[in-house]
Amino acid sequence: NAGVTQTPKFQVLKTGQSMTLQCAQDMNHEYMSWYRQDPGMGLRLIHYSVGAGITDQGEVPNGYNVSRSTTEDFPLRLLSAAPSQTSVYFCASSQTSGTIHGYTFGSGTRLTVV
Amino acid sequence: EDKVVQSPLSLVVHEGDTVTLNCSYEVTNFRSLLWYKQEKKAPTFLFMLTSSGIEKKSGRLSSILDKKELFSILNITATQTGDSAIYLCAVGLRRGGATNKLIFGTGTLLAVQP
Numbered sequence: 055n056a057g058v059t060q061t062p063k064f065q066v067l068k069t070g071q072s073m074t075l076q077c078a079q080d081m082n083h084e085y086m087s088w089y090r091q092d093p094g095m096g097l098r099l100i101h102y103s104v105g106a107g108i109t110d111q112g113e114v115p116n117g118y119n120v121s122r123s124t125t126e127d128f129p130l131r132l133l134s135a136a137p138s139q140t141s142v143y144f145c146a147s148s149q150t151s152g153t154i155h156g157y158t159f160g161s162g163t164r165l166t167v168v
Numbered sequence: 004e005d006k007v008v009q010s011p012l013s014l015v016v017h018e019g020d021t022v023t024l025n026c027s028y029e030v031t032n033f034r035s036l037l038w039y040k041q042e043k044k045a046p047t048f049l050f051m052l053t054s055s056g057i058e059k060k061s062g063r064l065s066s067i068l069d070k071k072e073l074f075s076i077l078n079i080t081a082t083q084t085g086d087s088a089i090y091l092c093a094v095g096l097r098r099g100g101a102t103n104k105l106i107f108g109t110g111t112l113l114a115v116q117p
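Protein sequence lines correspond, in order, to chains R and G.
Mapping the first sequence onto this note's numbering, position 33 (from 1) lands on 87, and the numbers just tick up by one.
Mapping the second sequence onto this note's numbering, position 74 (from 1) lands on 77, and the numbers just tick up by one.
Certain hints may be false.
[Stated by the list, open to error] Some chain G residues close to chain R (C-beta under 10 Å, calculated; not the full set):
#, residue
1, 9
2, 92
3, 105
Treat the hints as calculated values from the structure; they're not laboratory data.
Glycine included, every Cβ here is placed at the ideal spot set by N, Cα and C.
This is chain G alone, in the form it adopts within the complex (with noise of 0.2 Å):
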């Protein structure tokens, strides 16, 4: 059975501080992984990681994938409230020629404190 599982589920950390989720995975036939992130509403794509060592960065954001280790993390640097959400991790199952699946993890619910 395809699994997707982040950590912690819940974090709570003050403005300024450096956090950083984990997501780790053990599907069949992995595409990609992918990061979201969810405030009030819909899940917002912030990165898609194919290759393992090569870092995706975006601004404070950066994430990183381990396809040996079967692990993503995503870092956030100098937090601010407007990070408080649920950070999403999926991985994208390849079916024949392209990927058209998704699997999500539970999600890490961050909350900055001022």
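Just chain R, with the same shape it has in the complex (with noise of 0.2 Å):
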């Protein structure tokens, strides 16, 4: 059982390139969640999405795309990648049911813009 998977792992950018971080999780979760983690600032909720088809924004969604077409993935789009977008980036997902046993988190992706 893989749990939640996300690719790469690092990755340097320079200013204005484009790129999506992939996450794929094998739990059959409704909701899957991006965040971005920066020193002193804890996670912060970039987007989500309670199901296939469905997605919604949250605290920082400026200057990311995402989707979901199927339950298993939820891919986070950088469209023309800022310093500013340096971080580390993870996802998260959780049943059905919502929080009722904590979201299990992805490994993360350093991110680097230059």
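Each of the two chains sits in its own frame; use the hints to bring them together as a complex.
Below, the structure written as structure tokens:
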């Protein structure tokens, strides 16, 4: 049972480049979310999804797009990377009933934009 | 605006000490409060609290929620060097019939010295 799988683990981008952070879960979880973690800022919610075909914005959505075409996958797209998007990104998922069992987190993607 | 505040921001103790970490919140539609431990990578789930006054316990860790005063504490007794980590508090928000958002505090960095 792989849980939540994030790829890549590390990435360096130049300003203006685009890329997609991948997130996949094999637990049939309805809810999936993307967070970014910056020093002194804790985890901040970027986008989340309550099921296939449904997404919504979190606290810091600007500069990021998401889609949820299947239950398993929830990719995060950076259309034009900026140095302010240098961060560690975590994908998380939870069961249909929400946070009854807490979120399961992926191992993170460390992104540097130069 | 939904807000979760943790204190202290950081803490250094010696092995064997007892520590208390604090989490206060101001949110709409509170559903649950969760504690996570983050070592090198992804946060791992510790406790979820939904009712006031009921202590959750796991080994040397325990936690309790006060929904009237809007705070929770996480206690760690007889600390060990392996307890060194960032401890994150998160509040689950109710949206319709189920929770689908977690708002995190900035975390408390605990360092346990031998």
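Hint check:
1. 9: At 8 Å from the nearest chain R Cβ, residue 9(G) passes the 10 Å test, so the hint holds.
2. 92: 9 Å, holds
3. 105: 6 Å, holds
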